[in-house]
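S.K.: Take these sequences, add in the hints, and give me the full structure.
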Amino acid sequence: MALTIKEAVRKWGQEYLAICGLAKYFPTMNSQSHVFFVDGNSDKGNDGVNTLGQVPEEPFLTVTQALSKCTSKANDYIFILNYPSTAPAETWPISIGKERVHILGIHQGIMPHFKVINPQDTDNPVFVFTTGGAYCELGYMIMGCSNGSAKGTIEMQTGGLFGNHIHHCGFGLWGKSNSDAAFGICTTGGSTPTIGEMLYSVIEHCKFGSLLTTSGIQIPDTFKGPNTVKGTIIRNNHFATGVRSINVLATTADFASGGIYNNTFEVPDSADGEAVYFANGAQGSVHKNYAWTVDGAVPAQNPFFDADHAGTPTMGWGMNFRGPGDVATDTLRGTGAIAAPDDN
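For the sequence shown, the tail end lands on 497 under our numbering, and the numbers increase by one without skipping.
A few of these clues could be false.
Below, computed lysine to aspartate or glutamate pairings styled on EDC-like, alpha-carbon distance capped at 16 Å [as the list claims (entries may be wrong)]: (1) K226 to E290; (2) K251 to E211; (3) K197 to E210; (4) K226 to E252; (5) K197 to E211; (6) K251 to E290; (7) K360 to D374; (8) K441 to D374.
Just so you know, the hints here were simulated from the structure itself, not pulled from any lab data.
M.R.: Listed below in structure tokens is the structure:
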């Protein structure tokens, strides 16, 4: 007797994913893992038949509902099939307080088609990692806070937030309506901002655009306690924010066990530290990042800046470059005292 797709998913699980060629995307799935689907245009709502959310034909209406069905530490996956910019049914912010949950937008066409997730409430970010939100994955989405929000699109709040992976996402992209925000990713949250935690996380292959009004990635100076970014790696991202791109203001933040590597920056060149800025006392390993101005001129200011350059340097600055000038003369080592740009 032939089985329908719905019956195959319920009966076979991982075997069905293998038949569909999707098994390779779920290397950590086990017998306890589940897959849920979300479509912001779904006519099924969030309640109803037993298979709701478990098959593409019957998706949940909201990410919040799909998250409520996930089991912490089970490596559950949520696939966003479609998501309208209005999304009136969603609960903002979308709170992630479970371990090992994967939330991914579905690719469409030859190039990735990121799903747009935009809250309509300017007092809330899109995603908030709260206590217990660890070892999670967010990918393949364009996100924004809408209408000039003062919030970060993704906020890491307190509670031991270890090992989160954010990749292939867009923040504040020009031409994508309602994708503006103060920050792309920020370790803060709540009505009275307090520092959050972003420990042993990876942020990679994302684009941070000009609709971000304060910075691309912000580590605020309200931090009290141990190192908030221990082990975190920021790599292979592109920043064209028009403001500071990676803004490390917490004086106790230390990227030394992680690092900021291989990122590219289009900077406005109006002040020092528009690519990577470290406050006096902050530390880290910063290597092989490239910065240039939008018109292709060599930046006159130092895009990689340590506010403690006049004292005893504590930074692990590697080879960071101002382009498109001569590498030999335009290599920055993070001292703040750099040679004047030449005409190359």
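S.K.: Are the hints correct? Go through all of them and say.
M.R.: Okay, the hints, checked on the actual structure:
1. K226 to E290: holds (12 Å)
2. K251 to E211: violated (24 Å)
3. K197 to E210: holds (9 Å)
4. K226 to E252: Since the Cα atoms of K226 and E252 sit roughly 5 Å apart, the hinted pair holds (cutoff 16 Å).
5. K197 to E211: Distance of about 6 Å is within 16 Å: holds.
6. K251 to E290: holds (11 Å)
7. K360 to D374: Roughly 24 Å between the alpha carbons, so the hint for K360 and D374 is violated.
8. K441 to D374: At roughly 26 Å apart (the allowed maximum being 16 Å), D374 and K441 break the hint.
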